[in-house]
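*Asks:* Sequence:
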Amino acid sequence: MTSYGVLLYEGVEELDFVGPWEVFAVSSLLRKDADQAVLIAERPDPVRCINAMRVLPDCTFDDHPDLDVLLIPGGSGSRAQVANTVLIDWIARTSKQVSWTAGVCTGTFLLHKAGIASGRRVTTHRLFHETLQARGEVTVVTDARYVVDGDLITSQGISAGIDMALWLIGSLHGRDHARRVREHMQYEPAPPYLADEPHVR
1 MTSYGVLLYE GVEELDFVGP WEVFAVSSLL RKDADQAVLI AERPDPVRCI NAMRVLPDCT
61 FDDHPDLDVL LIPGGSGSRA QVANTVLIDW IARTSKQVSW TAGVCTGTFL LHKAGIASGR
121 RVTTHRLFHE TLQARGEVTV VTDARYVVDG DLITSQGISA GIDMALWLIG SLHGRDHARR
181 VREHMQYEPA PPYLADEPHV R
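In UniProt numbering, the protein residues as written are 1 to 201.
Just so you know, the hints here were simulated from the structure itself, not pulled from any lab data.
Some hints here could point you the wrong way.
[As the list claims (entries may be wrong)] Computed cross-link-like contacts, EDC-like style, restricted to lysine to aspartate or glutamate with a CA-CA straight-line distance of at most 16 Å:
#1 Lys96 <-> Asp66
#2 Lys113 <-> Glu137
#3 Lys96 <-> Asp151
#4 Lys113 <-> Asp89
#5 Lys96 <-> Asp68
[What the hints assert, rightly or not] Distance windows between CB atoms, simulated:
#6 Leu194 <-> Leu127: 15 to 25 Å
#7 Asp45 <-> Met1: 23 to 33 Å
#8 Leu194 <-> Asp66: 19 to 29 Å
#9 Asp176 <-> Arg54: 29 to 39 Å
#10 Glu183 <-> Gly119: 29 to 39 Å
Glycine residues also receive a C-beta, built at the ideal position from the N, C-alpha and C atoms.
Turn these sequences into a full structure, and let the hints steer you where they fit.
*Replies:* What follows is the structure, given as structure tokens:
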């Protein structure tokens, strides 16, 4: 069984965690419900996301199950959470207990504050590449959707977390499995106005 823990906090970007969550859920489905994913927050109260979605965490920093993967999403709320020592300490502590730590979008700033990104190659939302590089002690990769450095994987903004999560389950359970997950999700990006795509009017 693979256990995924997904951090929530006020002002988190919805797709940063919902995209990877869907990947993890479909992966478990195709593995006959072999895995579990839990939403973790500092407190058990509903969390208000950046676009007003409200989400109820499954557990808190004190009562979550053992994890194999820790995912840290971004969003405008991450700017305030950088100063949340309880959250930062929990990330630092938990990252030492998991096989993989993952950051989506500006979640990488939380990983940086927790010391996990120190000396690593990472990425974040394209609007914050220079800001993250200026924080020091990291090499920011600007031309990749996601970056793997040891047991740390980070992605660019928002939707890039889906690509990162697909790579991650491929690393955990094989490339063929990751391809089946992508096919089940019908994840075949062909953005309108940027690429030709089949359509019906």
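*Asks:* Decide if the proposed pair is consistent with the structure: Lys96 and Asp68, CA atoms, cutoff 16 Å inclusive.
*Replies:* Holds: Lys96 and Asp68 sit about 10 Å apart, inside 16 Å.
*Asks:* For the pair supplied as a hint, Lys96 and Asp151, confirm whether the alpha-carbon distance does not exceed 16 Å.
*Replies:* Status holds; Cα separation ~10 Å.
*Asks:* Are the Cα atoms of Lys96 and Asp66 separated by 16 Å or less?
*Replies:* Cα-Cα ~12 Å, so holds.
*Asks:* Please check whether Glu183 and Gly119 have a Cβ separation lying inside 29 to 39 Å.
*Replies:* 37 Å, holds
*Asks:* Is it true that Leu194 and Leu127 lie within 15 to 25 Å of each other by Cβ?
*Replies:* 19 Å, holds
*Asks:* Can you confirm whether the C-alpha distance between Lys113 and Asp89 stays at or below 16 Å?
*Replies:* Holds, at about 9 Å.
*Asks:* Could you check the hint for me, namely that Leu194 and Asp66 are 19 to 29 Å apart, CB to CB?
*Replies:* For Asp66 against Leu194, whose Cβ atoms are near 42 Å apart, the range 19 to 29 Å is violated.
*Asks:* Given the hint that Lys113 pairs with Glu137, test it: the Cα-Cα distance must not exceed 16 Å.
*Replies:* Distance ~11 Å between Lys113 and Glu137 Cα, so the pair holds.
*Asks:* Using the Cβ atoms, figure out if Asp176 sits within 29 to 39 Å of Arg54.
*Replies:* 37 Å, holds
*Asks:* Take a look at whether the Cβ-Cβ distance between Asp45 and Met1 falls inside 23 to 33 Å.
*Replies:* Taking Cβ atoms as reference, Asp45 and Met1 lie about 28 Å apart, which means the hint holds.
Checked against the numbered hints listed earlier, the structure breaks hint 8 alone; every other hint is satisfied.
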